[in-house]
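Since chain Z is already given, all that's left is putting chain L on it; use the hints.
Chains as they are written, first to last, in UniProt numbering: chain Z, 1 to 359; chain L, 1 to 359.
No wet-lab data here; the hints were simulated from the structure. Glycine is no exception: its CB is placed at the ideal position from the N, C-alpha and C atoms. Incorrect hints may have been included.
Here's a subset of chain L near chain Z, in silico, CB distances under 10 Å, partners left out [said to hold, decoys possible]:
(1) 197
(2) 222
(3) 233
(4) 237
(5) 261
(6) 275
Selected chain Z positions facing chain L (Cβ under 7 Å, derived; list incomplete) [as the list claims (entries may be wrong)]:
(7) 185
(8) 229
(9) 308
2 protein chains.
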Amino acid sequence: MSETLLDLTQDGPALTASLVDFPSVSGAEKPLADAIEQALRALPHLTVDRYGNNVVARTGLGRAERVVLAGHIDTVPIAGNVPSRLDEDGVLWGCGTSDMKSGVAVQLRIAATVPEPNRDLTFVFYDNEEVAAHLNGLGHVAEARPEWLEGDFAVLLEPSDGEVEGGCQGTLRVHLRTTGERAHSARSWMGANAVHAAAPILARLAAYEPRRPVIDGLEYHEGLNAVGIEGGVATNVIPDACTVVVNYRYAPDLGEEEALAHVREVFAGCGVDEFVVDDHAGAALPGLSHPAAAAFMAAVGGTARPKFGWTDVARFGALGVPAVNYGPGNPLLAHKRDERVAVERIRHCEARLRDWLTG
Amino acid sequence: MSETLLDLTQDGPALTASLVDFPSVSGAEKPLADAIEQALRALPHLTVDRYGNNVVARTGLGRAERVVLAGHIDTVPIAGNVPSRLDEDGVLWGCGTSDMKSGVAVQLRIAATVPEPNRDLTFVFYDNEEVAAHLNGLGHVAEARPEWLEGDFAVLLEPSDGEVEGGCQGTLRVHLRTTGERAHSARSWMGANAVHAAAPILARLAAYEPRRPVIDGLEYHEGLNAVGIEGGVATNVIPDACTVVVNYRYAPDLGEEEALAHVREVFAGCGVDEFVVDDHAGAALPGLSHPAAAAFMAAVGGTARPKFGWTDVARFGALGVPAVNYGPGNPLLAHKRDERVAVERIRHCEARLRDWLTG
Chain Z
1 MSETLLDLTQ DGPALTASLV DFPSVSGAEK PLADAIEQAL RALPHLTVDR
51 YGNNVVARTG LGRAERVVLA GHIDTVPIAG NVPSRLDEDG VLWGCGTSDM
101 KSGVAVQLRI AATVPEPNRD LTFVFYDNEE VAAHLNGLGH VAEARPEWLE
151 GDFAVLLEPS DGEVEGGCQG TLRVHLRTTG ERAHSARSWM GANAVHAAAP
201 ILARLAAYEP RRPVIDGLEY HEGLNAVGIE GGVATNVIPD ACTVVVNYRY
251 APDLGEEEAL AHVREVFAGC GVDEFVVDDH AGAALPGLSH PAAAAFMAAV
301 GGTARPKFGW TDVARFGALG VPAVNYGPGN PLLAHKRDER VAVERIRHCE
351 ARLRDWLTG
Chain L
1 MSETLLDLTQ DGPALTASLV DFPSVSGAEK PLADAIEQAL RALPHLTVDR
51 YGNNVVARTG LGRAERVVLA GHIDTVPIAG NVPSRLDEDG VLWGCGTSDM
101 KSGVAVQLRI AATVPEPNRD LTFVFYDNEE VAAHLNGLGH VAEARPEWLE
151 GDFAVLLEPS DGEVEGGCQG TLRVHLRTTG ERAHSARSWM GANAVHAAAP
201 ILARLAAYEP RRPVIDGLEY HEGLNAVGIE GGVATNVIPD ACTVVVNYRY
251 APDLGEEEAL AHVREVFAGC GVDEFVVDDH AGAALPGLSH PAAAAFMAAV
301 GGTARPKFGW TDVARFGALG VPAVNYGPGN PLLAHKRDER VAVERIRHCE
351 ARLRDWLTG
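Next comes chain Z alone, as it looks inside the complex (with noise of 0.2 Å):
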């Protein structure tokens, strides 16, 4: 084996520190996808896929559940803070070392070092997570190879600062439109004011009283808000056209088509001209009934959050697959110059994870 493949051997500290001074920017996470592929392909007890530059490993042991370890190998841009740093206060610098190539080396150390888990494990590795959605390595997976993601239950080894963070809450973006009738403003009753005619929609938006549903233990909180308006033609012209766009995030009790109803609902009467959906991406349950969800949460310790913020674990959902976030970096420090992780905490991530696996 050539000094370029990466050393699973090394702890997990170790190995977060090879991973950063590995760049990975996303695009260009080939390298990195050829390393981990060819560490794995190492390891016997493993079946290795590849799709573009994602990696997919598994166990094939025959037992009665199976668990998906997942995370990205991208990173934002380097901005000066690469090669890593260990300081001597045990903190890890350098860009990734959060966002989440600590999550990747406690991804690699269970790899290696559980040949035989109490549930089948299945190991992935993607890429563009950092960039625009449909670039995203874990939503090509799941689209040409959805059978390589199958199991019973998922983490995402996102920073989480420590804590499970379960399931997300969906996005539907949509544009209510209302029109009018040009004329100039010194004569405005030949005309009709569409600015005016949102006045229903904003009266709506402002009375709006969200849900704050309790699923699985996790209290969700949603939100139905303008993000943006705009109408207007001059300043002496009666608007013809005015534009609200709202944002629906919903919890994971919804799905995507009753999330749409619901929006429907709430402004039917408005005298919306238009209803143009935007965006739309749904929600994820986090799971946490599922009996290996509940042997996760114990063994990690801790209370399980409610994601509030849509994420990957999504694209699980979708799936059919309940997921968490749970890793060793702290997602406020993700995508900041002086990016760090507690070495504490990989070691700390990895025994949990461990102990989930083989106790």
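For chain L alone, coordinates are given in the frame of chain Z:
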């Protein structure tokens, strides 16, 4: 006298043609202003003053009343429609035929041929009416030499389709701003939505009932309208600011302060965080109850109608001089490539004014 001078002994249609053939696009009025000044200085019954490219000529007969006849000498850019052309149906074609060299020709004809009017006369020829308001020559004279514009009644010979248009409505533009606090739209309860905060403003606008006051026998028609609305930072951010641009067109029974107070009152309690006056031009009373105006109406015939848009008559209004628009052109043809005027209308307008000023 050189042959470049204007010949005021021509009849109205011929003089209109001479003026059209003497280009004076906004910003390039000097040669025409020179010619007008020279022609008027040749008339012994007039005192002539000049300010920039604005020429003012006055009789000084000690009459009980003074009437102002005013017109702008500039045109919009020529569009292949100069020199003028008289067709066999008695229609004169060319840039400025309607707006408003036919009106200027009538002014000059009255100046040249009515040496002993029954009311003292002031003739105002001004530049830069077709461009930005701050360049307007009438405005410059009103500011620097207001005494030149003194009078009991003013007629602007703007195209008015043969009808008298009395006074004009005022226009007030205000920016109403609401503020909030940004947050990620997935955690909207951490912020405050400024677009939602604009709901009461739009509700107030939608419910507003404009006044239609009758003043000097003319029914005005007010309007309070949003002419623009803008808010939003990004599609996943709760907006922290929203601006509604409101235009109040108000009848001339309201002064500027009253109009402003009315708008403040309309939006009181609507949660407006900033109230910024963006533009304000006062209304002008039609003054049709004044004896000079009554005689004018009797002489020109027809029924006066209210002017809804803001025009230069308001500059006289601001000086306390009631004013109307009355000219031979057709406003619908102004600024058009096929601009034209019926020569009969020029003769008619001149005759009616002569009747009024000599009867």
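Do the hints match the structure? See the list:
For residue 197 of chain L, the interface hint holds, the least distance from its beta-carbon to any beta-carbon of chain Z being 7 Å, beneath 10 Å. For residue 222 of chain L, the interface hint holds, since its Cβ comes within 10 Å of a Cβ in chain Z; the closest pair sits about 9 Å apart. A cut of 10 Å between beta carbons decides the hint on residue 233 of chain L: the least distance to chain Z is about 8 Å, and the hint holds. Given the 10 Å rule on beta carbons, the hint for residue 237 of chain L holds: about 6 Å separates it from the nearest Cβ of chain Z.
Annotation: interface hint on residue 261 of chain L violated; nearest CB of chain Z at approximately 20 Å, more than 10 Å. The beta carbon of residue 275 of chain L is not positioned within 10 Å of any beta carbon in chain Z (closest approach about 17 Å), and the interface hint is therefore violated. Nearest Cβ of chain L to the Cβ of residue 185 of chain Z: about 5 Å, under the 7 Å cut. The hint holds. This hint holds: residue 229 of chain Z has a C-beta 5 Å from the nearest C-beta of chain L, less than the 7 Å allowed.
Proximity of residue 308 of chain Z to chain L holds as hinted, the smallest CB-CB distance being about 4 Å (cut-off 7 Å).
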